[in-house]
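*Asks:* Listed here are the chains, written in short residue letters.
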Amino acid sequence: MQTGFFAPGSVTPKLCKRSDRLTTGGLCLYCVVIVNFGRVFTRKTATLTFAFLLTPSLIWAQSEDAPLFRADRINALVFLVVFSAAILLYTRWARQGKPLFLRKIAGLDAIEEAVGRATEMGRPVLYIPGLQELDEIETIAGVSILGRVARITAQYDTPLMVPVRYPLVLAASQEVVEQAYIEMGKKDSYDKDTVRYVAGEQWAFTATVNGYMMRERPATNIYMGAFFAESLLLAETGNAAGSIQIAGTARPEQLPFFIAACDYTLMGEELYAASAYLSREPVMTGGLKGQDFVKMVIVILVIIGVLLATFGAGDWYPQLFEAV
Amino acid sequence: MSFWQKMEQIDRRWIYLAVAVAVVVPFLFPTPLPISISPEARSLYDAVEALPDGCNVMVVYDYYPATVAECEPIAVAALHHLFRKNCKVVTLTNIPYGGPSMAERVTRRMAARYGKTYGVDYVNLGFKYGYVTVLAGMGQSIESIFPTDNSGTPLSQLPLMDSVKNYSDVSFIFEVADNATADYWVSIVNAQYGVPIGCGGTAVQAPKFYAYVASGQFVGLLGGMRGAAEYEKLIGIEDVATVGMQAQSMVHLLIIGLVVLGNIGYFVVRKQSKKGAA
Amino acid sequence: MRTTIPVIVAFIAGLLVVVSFFFRDGTIVGDVKQEFLVWSSIIGGFTLLLGVVSIVRVNMATVARKKTDWPYKILTLVAIFVMGIPALFPSSWSPLLGTASGTSVYDWLFEYMQKPMMSTMFAILAFYIASAAYRAFRARSAEATLLLITAILVMLYRVPMGEAFLNMFPGNISEILNKYIMNGVNMAVQRGIIIGAALGAASMSLRIILGIERTYLGKS
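Residue numbers (my numbering), protein chains in the order written: chain A, 662 to 985; chain B, 175 to 452; chain C, 40 to 259.
I should point out that these hints are in silico values taken from the structure, not numbers from a laboratory. Keep in mind that this is a model prediction, so the values were computed, not measured. Everything hinted at is true.
Computed list of lysine-lysine pairs in DSSO-like fashion (alpha-carbon distance at most 30 Å, straight line):
1. B/K290 <-> C/K154
2. B/K259 <-> B/K339
3. C/K105 <-> A/K848
4. A/K847 <-> C/K106
5. B/K449 <-> B/K180
6. B/K259 <-> B/K290
7. B/K407 <-> B/K290
8. C/K154 <-> C/K112
9. A/K956 <-> C/K218
10. C/K154 <-> B/K407
11. A/K847 <-> C/K105
12. C/K112 <-> A/K853
13. A/K853 <-> C/K105
14. B/K407 <-> B/K259
Okay, chain A solo, but in the shape it has when bound:
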């Protein structure tokens, strides 16, 4: 398996080009500077000093026949810097106690009420953290929300059933639910079978969960994560079973099915916002506000583009955003 990282026939990284020697040396120097001079100067000062010294070296490396840095991707770098700065800045402000407004999301406000309904009816809550692997962002969001829901079910002693499709999601979900029960002081109420590995195949999973819904008739179904064609099967069966249903997914093609069959639906990024919304932790809400700032920037850029295109003066504008 040939890649460019290793020199042919060797296990050491190749260092034949000037740019390679430069970057390797630069990174080692950075580590040395940070470790040693961080004791004399602050790490911030050391980092800035290093960047100041490195910049002319990078410019020198660019003059090679094959330049080191991909200048054609500078627009992506600018966006990355703006995005990261916005997230980190708002997170910092949130940590400092600055109040950050979050609009109401009806579906999330309804979760506690829905779990309360299940408690009154003496029926379980069904929670599905999506049908994707743990490396998918939507699944991470779903498992994060599961933690919040598990706290509520622990508080009310409501049975909770969490069917999962992948072993890694099983492991993460079990830990999250167990921790939630421990934090609410209900460790004895925690049942290891709350989170169950059902099936690895999409339709086998759906058939099993549908069967569970028709037999156990959960009072509340919560679907948070990545869903595919089975979304309508799950939602419609849940409707037939008489459950109140709250769904959230970032897959636009599945939203119409959830909207048609569920009582509340979280659309797109509302799923990612859910964790921040429910916990109200400064770090999470700060990240959310940073995201909104970037979205506002995109909206302004779109409006500028529309105006330029309308007046026939914007041929150069789309080229600023071309990705190569």
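Let chain A serve as the given structure and place chains B and C on it in line with the hints.
*Replies:* Same frame as chain A, now just chains B and C:
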């Protein structure tokens, strides 16, 4: 209980029975009707037609066996077109559940029809785990991600792969997908390597892909069985999709009828309730 | 240590892949991404194995303790072994072994059992969408009425019979629907949702790289 109140609470199994009848009847009493070609399908056809004969093309089977009815006609129509133009086809899949089997079966069947030789005219790379890894990795080296083809033959022993090392050697990618991997083909392959991509997908996914067509990230789009039927018409072959459109027509009309009936019932019952309350 | 090491690994791996995007392929920094991708592909293969081990373990435990529906778990285990074990052996030993198309047990079971079962489950959607549409598409409000009318028009223009019906009216209604509904309103909305979801995913990724989000470790 009035008729309309009964209709409001109708057992859904009657609806299921009506759908079943609507699907079966057109196969017993076929009524073929002309299919118009959408601009998106025309655009995809034109893009493939404009490819130089004999160029290297990637056909990606990113659909699960469940959506065979919608996606396989698209893949078949694409292979008809590509093999007619003597394009060299490299197939792969990012679907572990049956993807390699379907890619193998469909491609070999179509290749046999056009007298194509494995290893020279077409290769099936099979499946490798982690679609982001696969898509990003093939940009530099296909062989680093797929050291062998689906049947275990090293790529170095396949003459076609001598001229297909990475995306820069591929003129076009025909993606047939029923899931979000199409988004990654756009963001990783088209955005970073500039390879033109045409997409065929399920009808559920098609509305999302219009955004990619409008921005030029997809050169064209085939949405569901309708898209497959349009492509079949363009290449001059009436196959499964064209026949299937009759059943789809009946079911669509049935659903529209049910929706209209449901709304009439809703308003009548509401009026009756208001009268009763008054 | 159990939390710290994964967070450090996530930070280094995430940062290096992001940084290498901006460096040319063929340089040490530009190639580190490729190396990580190959490693990821190898490690990912093991998670598939983990899935098989996990399902066998869970089902065997259920059978051993004779929990609810334990006979069906035996069926699951039989299906796994009957389909999986012959596929592990090379097809050169016997045409029934391996995954060769048309001859192997694996291919036969997939083609004539699994594929029809999966297609059937997907086909059930047609029935469910009919009942969901009948129940949900009611003109309860102005927005719901707009949704209803748009849905009916799109359902009509996407099928030949519906198109033939629309062609009875003056003007090319199908073309208008395609241009203004599918390529106009629909496309704009889809773009908005895609952009929003992408920003949300990017924000979450940044939080994971920086160690702020640790849900993947089982910590909330």
